[in-house]
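Asker: Protein sequence lines correspond, in order, to chains Z and B. Under my numbering, the first residue of the first sequence is numbered 1, with each subsequent residue one higher. Under my numbering, the first residue of the second sequence is numbered 1, with each subsequent residue one higher.
Mixed in with the good hints there might be a few duds.
One copy or two, it doesn't matter: identical chains are merged, so the pair holds either way.
Below, computed lysine to any residue pairings styled on SDA-like, alpha-carbon distance capped at 20 Å [unchecked claim]:
#  : residue 1 : residue 2
1  : 104       : 227
2  : 332       : 42
3  : 104       : 232
4  : 332       : 46
5  : 332       : 140
6  : 104       : 222
7  : 104       : 230
8  : 51        : 140
9  : 104       : 332
10 : 104       : 218
11 : 51        : 104
12 : 332       : 159
13 : 332       : 235
14 : 104       : 235
15 : 104       : 335
16 : 332       : 103
Hints are computed from structural coordinates only; laboratory data are not their basis.
2 protein chains.
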Amino acid sequence: MRVHNFSAGPAALPGEVLEQAAREMLDWRGSGVSVMEMSHRSAEFGSIAQKAEADLRSLLSVPSEYRILFMQGGALAENAIVPLNLLRGRVQADYVNTGSWSTKSIREAARYCDVREVASGADSGFTRIPPIEQWQMRPEAAYLHICANETIDGLEYSWVPEPPRDVPLVADMSSNILSRRIDVARFGLIYAGAQKNIGPAGLTIVIVHDDLLGAAHALCPSAFNYQLVAQNQSMYNTPPTYAIYIAGLVFEWISRQREGALSGVAALEARNLRKAHLLYGALDATPFYRTRVVAADRSRMNVPFFLPDAALDARFLEGARERQLVGLKGHKTVGGMRASIYNAMPLAGVEALTAYLAEFARLHA
Amino acid sequence: MRVHNFSAGPAALPGEVLEQAAREMLDWRGSGVSVMEMSHRSAEFGSIAQKAEADLRSLLSVPSEYRILFMQGGALAENAIVPLNLLRGRVQADYVNTGSWSTKSIREAARYCDVREVASGADSGFTRIPPIEQWQMRPEAAYLHICANETIDGLEYSWVPEPPRDVPLVADMSSNILSRRIDVARFGLIYAGAQKNIGPAGLTIVIVHDDLLGAAHALCPSAFNYQLVAQNQSMYNTPPTYAIYIAGLVFEWISRQREGALSGVAALEARNLRKAHLLYGALDATPFYRTRVVAADRSRMNVPFFLPDAALDARFLEGARERQLVGLKGHKTVGGMRASIYNAMPLAGVEALTAYLAEFARLHA
Numbered sequence: 001m002r003v004h005n006f007s008a009g010p011a012a013l014p015g016e017v018l019e020q021a022a023r024e025m026l027d028w029r030g031s032g033v034s035v036m037e038m039s040h041r042s043a044e045f046g047s048i049a050q051k052a053e054a055d056l057r058s059l060l061s062v063p064s065e066y067r068i069l070f071m072q073g074g075a076l077a078e079n080a081i082v083p084l085n086l087l088r089g090r091v092q093a094d095y096v097n098t099g100s101w102s103t104k105s106i107r108e109a110a111r112y113c114d115v116r117e118v119a120s121g122a123d124s125g126f127t128r129i130p131p132i133e134q135w136q137m138r139p140e141a142a143y144l145h146i147c148a149n150e151t152i153d154g155l156e157y158s159w160v161p162e163p164p165r166d167v168p169l170v171a172d173m174s175s176n177i178l179s180r181r182i183d184v185a186r187f188g189l190i191y192a193g194a195q196k197n198i199g200p201a202g203l204t205i206v207i208v209h210d211d212l213l214g215a216a217h218a219l220c221p222s223a224f225n226y227q228l229v230a231q232n233q234s235m236y237n238t239p240p241t242y243a244i245y246i247a248g249l250v251f252e253w254i255s256r257q258r259e260g261a262l263s264g265v266a267a268l269e270a271r272n273l274r275k276a277h278l279l280y281g282a283l284d285a286t287p288f289y290r291t292r293v294v295a296a297d298r299s300r301m302n303v304p305f306f307l308p309d310a311a312l313d314a315r316f317l318e319g320a321r322e323r324q325l326v327g328l329k330g331h332k333t334v335g336g337m338r339a340s341i342y343n344a345m346p347l348a349g350v351e352a353l354t355a356y357l358a359e360f361a362r363l364h365a
Numbered sequence: 001m002r003v004h005n006f007s008a009g010p011a012a013l014p015g016e017v018l019e020q021a022a023r024e025m026l027d028w029r030g031s032g033v034s035v036m037e038m039s040h041r042s043a044e045f046g047s048i049a050q051k052a053e054a055d056l057r058s059l060l061s062v063p064s065e066y067r068i069l070f071m072q073g074g075a076l077a078e079n080a081i082v083p084l085n086l087l088r089g090r091v092q093a094d095y096v097n098t099g100s101w102s103t104k105s106i107r108e109a110a111r112y113c114d115v116r117e118v119a120s121g122a123d124s125g126f127t128r129i130p131p132i133e134q135w136q137m138r139p140e141a142a143y144l145h146i147c148a149n150e151t152i153d154g155l156e157y158s159w160v161p162e163p164p165r166d167v168p169l170v171a172d173m174s175s176n177i178l179s180r181r182i183d184v185a186r187f188g189l190i191y192a193g194a195q196k197n198i199g200p201a202g203l204t205i206v207i208v209h210d211d212l213l214g215a216a217h218a219l220c221p222s223a224f225n226y227q228l229v230a231q232n233q234s235m236y237n238t239p240p241t242y243a244i245y246i247a248g249l250v251f252e253w254i255s256r257q258r259e260g261a262l263s264g265v266a267a268l269e270a271r272n273l274r275k276a277h278l279l280y281g282a283l284d285a286t287p288f289y290r291t292r293v294v295a296a297d298r299s300r301m302n303v304p305f306f307l308p309d310a311a312l313d314a315r316f317l318e319g320a321r322e323r324q325l326v327g328l329k330g331h332k333t334v335g336g337m338r339a340s341i342y343n344a345m346p347l348a349g350v351e352a353l354t355a356y357l358a359e360f361a362r363l364h365a
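For reference, chain Z alone in the conformation it holds in the complex (with noise of 0.2 Å):
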């Protein structure tokens, strides 16, 4: 019995990946191992990370001046990895406030340089990104950073920044990569931890420009100097090999996927925004459910929304239970409930939410 699962990460993965999962686990394909006691080194296990690879740059049309690395720690680390990495010789780092995570983004990267934050939505209660005009970047930072989709507090950007001339745009996608089309190339870098859209908690994608490579700050972990990860194919430290399987088979589900004429991320990015679009509207409907973000920055991956009274909190995610829609329990830094309905959410999922939306609101407004 499967619930329709709702956390915001770790968080729910295709059915069909795991059935594929549970069926190799002791025999992968002949070989009379499981993938998680293949050698990294061995011919079966290159293999697999190197479709994986493959996979995702074609999902994601990555151009072949980018690196794809597999790395660990998620997107915490990079929050320092990142300044270790991309300084390269510079002292400045501008960085985009809008919520919780810009926010810890940001703390980390005060440790390695000299941190301005350009623009912030805190005075909005971080309810809107604020709007480009009122930014104040630096052409002689190493990086502009943004976060693309803010996990906790909701919102997400639909448009790609521009930022100064020579500076590169650096964007944490753990919570919205592969749910709609990007245009890498207007990015220097793009992080995201897998534990969202990609796969187990563990693994942690990284695709860099080239151009970016080769000047890391002297006290950079080895492990987690980019350079050395791209010139060893993610080899350099031993990858998290199952959790690189695991992506490996969410890419191809995630390749198979068709809506209409649509395929891949793109037929994803139709399906997303259906499901955002009802659950927002099911919201919407009525004055008893209260949301915060504004309507062009609120994130299709991640709804965060309020009941009119807390008390009836326990009472809300009780009856969700009893109908199988489980992790809708706000982040504890905000309170009410958030519904993370990630690729792997089906309609039928959301679906069944919304009924549920009308039905709780009926019986208490």
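With chain Z fixed as given, assemble chain B onto it according to the hints.
Answerer: The following block gives chain B in isolation, referenced to the frame of chain Z:
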């Protein structure tokens, strides 16, 4: 069909652990979700992580004044993370060089402090551990570092060195943790990549004395600051949840092991000793095979050996493969063969290998 997997790491896991993981893949004990899909903040995953930690604490009799941390990055990352955390204002660290892994640790640490190689087995071609009487240890060193088992060279300490007063002992136990009883109280810090005796690659175990926490280098990434990780019960950043779950299943498997009146790690130690005696005995029984390490320092985990002529290597590996014995090729830096006989390798696997060794020697001597 499962083979006998002598891979040095990632390495064989107990079949019953993989069977349980396959059974629970889509629905962990009625939760309706895979462990891979659980929020690390959920009650379900909390119970998994707490039990894994408690079981490991019990298996190794870890005293209460030590923290057990679940981290990421493997031993190669720890080569930097250890000095970033343990210098505590001191500027020197002492290292014993016993082979390939020590050499890597030394090279990385030298980027952070004044490293002294207090003794080296290089002169002997890494065939013996230098006797402690010759170690030039410094009483002002921040710590003394050893590699408890050299995975590539096949050397293992059968004793615990005593550093100068106030110098904590740090040990890389990646390839022999949980294979023999240890007195944790004699160490300041123990670290181990999981992918040999514990579970999937991507999980790193750190066992550290409370007194060593709280003085990390200013540039230590927060995600790798032992004190922050300890204060957050290894959930400062999202931990590698599925790898922790598998490690927990392995800990339960270890607890169930019996050899006569012995149980747990003591039972595995007895079994590992028997396996090692059997294998070294077969290699010593004929002049056909050559081993390099002196008897006293031979590893119980990794057994490198050489055929009289490297031209026979391919034929040896082919015949092994026909007998379902895989992963026997030696590390590229030393050549020859290597049989890794970690906890999960059953006695039957070593018996099958020794039978093949005798047969191959008869045919080709």
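Asker: Hints first: check each against the structure and report whether it holds.
Answerer: Consistency of the hints with the structure:
no. : hint        : result
1   : 104 <-> 227 : between (25 Å within a copy, 18 Å between copies)
2   : 332 <-> 42  : between (44 Å within a copy, 12 Å between copies)
3   : 104 <-> 232 : between (30 Å within a copy, 16 Å between copies)
4   : 332 <-> 46  : between (41 Å within a copy, 16 Å between copies)
5   : 332 <-> 140 : neither (38 Å within a copy, 45 Å between copies)
6   : 104 <-> 222 : between (23 Å within a copy, 11 Å between copies)
7   : 104 <-> 230 : between (26 Å within a copy, 19 Å between copies)
8   : 51 <-> 140  : neither (39 Å within a copy, 50 Å between copies)
9   : 104 <-> 332 : within (16 Å within a copy, 42 Å between copies)
10  : 104 <-> 218 : between (24 Å within a copy, 17 Å between copies)
11  : 51 <-> 104  : neither (33 Å within a copy, 30 Å between copies)
12  : 332 <-> 159 : neither (29 Å within a copy, 49 Å between copies)
13  : 332 <-> 235 : between (37 Å within a copy, 15 Å between copies)
14  : 104 <-> 235 : between (29 Å within a copy, 15 Å between copies)
15  : 104 <-> 335 : within (19 Å within a copy, 47 Å between copies)
16  : 332 <-> 103 : within (16 Å within a copy, 45 Å between copies)
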